[in-house]
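Engineer: Listed below, chain by chain, are the residues.
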Amino acid sequence: MIAIPSRHKSLTLLAGVVVAQVLLLAMQIKRERQVRLIRVWAVELISPLQRIASWTIHGAQHGWGGYIGLRTAQKENDAMRAELDRLKVRNAELEGRALEADRLAALLNFRNAYSEVPMLAAHVIGASPDSGSMVVNIDRGSRDGIRRDMGVITPDGVVGKILAVYPDISQVLLMSDKDSGVGALLQDTRTQGPVKGTGAPLLSLDYISNDEKVAVGEAVLTSGQDRIFPKDLPVGKVVDFVADPKSPFMKIRIRPAAHLERLEEVLVLQTRQEMNLKKSPDAETTPVASPAAQKAPVAPAPPAKKPTDAH
Amino acid sequence: MERTEVYIGPEPHIEVHKYYAGVVPVAVMLSLVLQAFFPVYIRSANFLELPLLVTLYFALSKRNPSSGLVLGMVVGLLQDSLSRTPLGLYGIAKTLVGYLGSSLGARIDVEHPIARFLLTAAFYLFHHAVFTLTTRALLAQRNENYITVPILIASLVNATIAMGLFPLLDRFRKPS
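Here the protein sequences line up with chains W and X, keeping their order. Residue numbers are given in my numbering: position 36 of the first sequence equals residue 36, and the series is strictly consecutive. Residue numbers are given in my numbering: position 70 of the second sequence equals residue 70, and the series is strictly consecutive.
Next comes chain X alone, as it looks inside the complex:
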């Protein structure tokens, strides 16, 4: 009987990027620190979701769902630890973002700036929706809405920031 090799992984034409050691942890820690630091001085910085942007960037670049969801879980739990939210709220949301981002990055080209902008805005809304769903379901809090104008604006703001952040992080890629 003839055997057929089945390839499971990113599309062959899509490049999987690797980074220098320590880049990912440092980026994560910096995003968390800055996420906690900016709102102290800038009120409108509440819109920022730097940990989400870092998670999404590495998920899209590494294109490995397992590593993407683990990274999302770690970042989310750390964010939970630094905030007053119960452990797991951000963790669940970012785990799903990491998984879906990696899965998506393995299938489509996410290097294009417009793609990155749209994906970032979409994932911001998805992240917020999951966070709201979890809050409503588990914490029985109804004060969070799935989508509002400020949320839409925040998604656009974060997408705009991602347009500068992602190329910056691209510089830490290992040359292929």
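Same shape as in the complex, but just chain W:
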């Protein structure tokens, strides 16, 4: 036991006696609201400790909860990221399907508008690996009634013709191929000439005399003379034309009406029956095909016009 010097003993005793009497006083004295002072002291002494303990426990609980929450949130975050990725893929798939549905709806409308014309819808399933030739493959073949040289179109216009037929697929030679050609005519003047592929996005309308009036933007339609496409199908529009002084014919460049660079669904014409294009719901095709829309030749075209397309 620790020995306390006598001088300190008396001091200790003094402190003890004074503290005891202070406590005695505190037990008797009532402060506001008749609460004994000893209770006030006790509360004031204990409450900071309680606050500290409560704060510590709360902090620990909060920290632990936060840690657990973070771990859970991390898992949830990962799961949600995976779900988001899956939904993105799903969304892209649905958007693709919606676009496809729109295209098919347009195709169906076109098909219904010309229900008397036998035609077969087909999907473009591939392209020729030869970069020099403009050929695509469709998922219809001889078993579906496809024959060589049948015309291929979209609601926008002429696409090309069947180049080769296999039992289940066929090859389509696009109009833009150098070996491709379509009998065509200018809508306004009804001047006929073959539209040929150039191996580039734009086509060429040949054998149009320098004396003919040609307008930029003028529609070019099928003439029906090639015995592949019916008459008055849209082929494209004049982009520019140049009168060649060394030749009696103009050089006319045509932008295809069909989007040859992004074909997905096409229609294969199983006949060369002439189509009444007045029925077409497509605004682009209606004025083109309407006989009433066929105008008399206009003023002679300028000898040369600056190309609007650099292709």
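No false leads were mixed into what you were given.
Using 25 Å as the maximum straight-line C-alpha spacing, the simulated SDA-like pairs for lysine to any residue come out as follows:
| id | chain 1 | residue 1 | chain 2 | residue 2 |
| --- | --- | --- | --- | --- |
| 1 | W | 30 | W | 49 |
| 2 | W | 9 | X | 74 |
| 3 | W | 196 | W | 216 |
| 4 | W | 30 | X | 84 |
| 5 | W | 30 | X | 78 |
| 6 | W | 30 | X | 85 |
| 7 | W | 9 | X | 19 |
| 8 | W | 9 | X | 77 |
| 9 | W | 88 | W | 102 |
| 10 | W | 75 | W | 87 |
| 11 | W | 30 | X | 144 |
| 12 | X | 174 | X | 26 |
| 13 | X | 18 | X | 33 |
Reference excerpt, derived from the structure (chain X facing chain W, CB under 7 Å, subset only):
| id | residue |
| --- | --- |
| 14 | 65 |
| 15 | 66 |
| 16 | 69 |
| 17 | 73 |
| 18 | 87 |
| 19 | 88 |
| 20 | 91 |
| 21 | 95 |
| 22 | 99 |
| 23 | 139 |
To list a few chain W residues with every Cβ distance to chain X over 12 Å, as calculated:
| id | residue |
| --- | --- |
| 24 | 51 |
| 25 | 73 |
| 26 | 137 |
It is worth saying that the hints were derived from the structure and are not from the lab. For each residue, glycine too, the CB sits at the ideal point set by N, CA and C.
Fit chain X to the known structure of chain W by using the hints.
Structural biologist: Positioned in the frame of chain W, the structure of chain X alone reads:
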């Protein structure tokens, strides 16, 4: 290693007085009774602090801090018991007076009348200051002042009384 004896207690030249049995309790009881009795008949007796004088006298004479503070505590608590003050107010004040008086008595000569007069007046003021401090701190009462002219007068009056009381109590000392 050489050992050194350390003396702890009153200065060797200061005499520690002892009293006959019963002197201290009787003196304490008498002081309390008279303290309660005089003000009934004499209004100015409110200045008297006989229990304080008795406590201070025995503390200075016995020169033992422990016994001095215990005596002060007992006298103070008894005074509290007889008054309307909460138990401990006088107790704390007289405990400190008993302790300090004993400590002081062990170091200086407190037998001289002038020393006794000055010490009594000083301890009266100290006692009142502690009482006021305790009252203010614990009872939240602000009507008590630490020092006023009446308090100073009271201290002098009590010191004067002590000049007669202390020699009277000296008669009850055991011969050394």
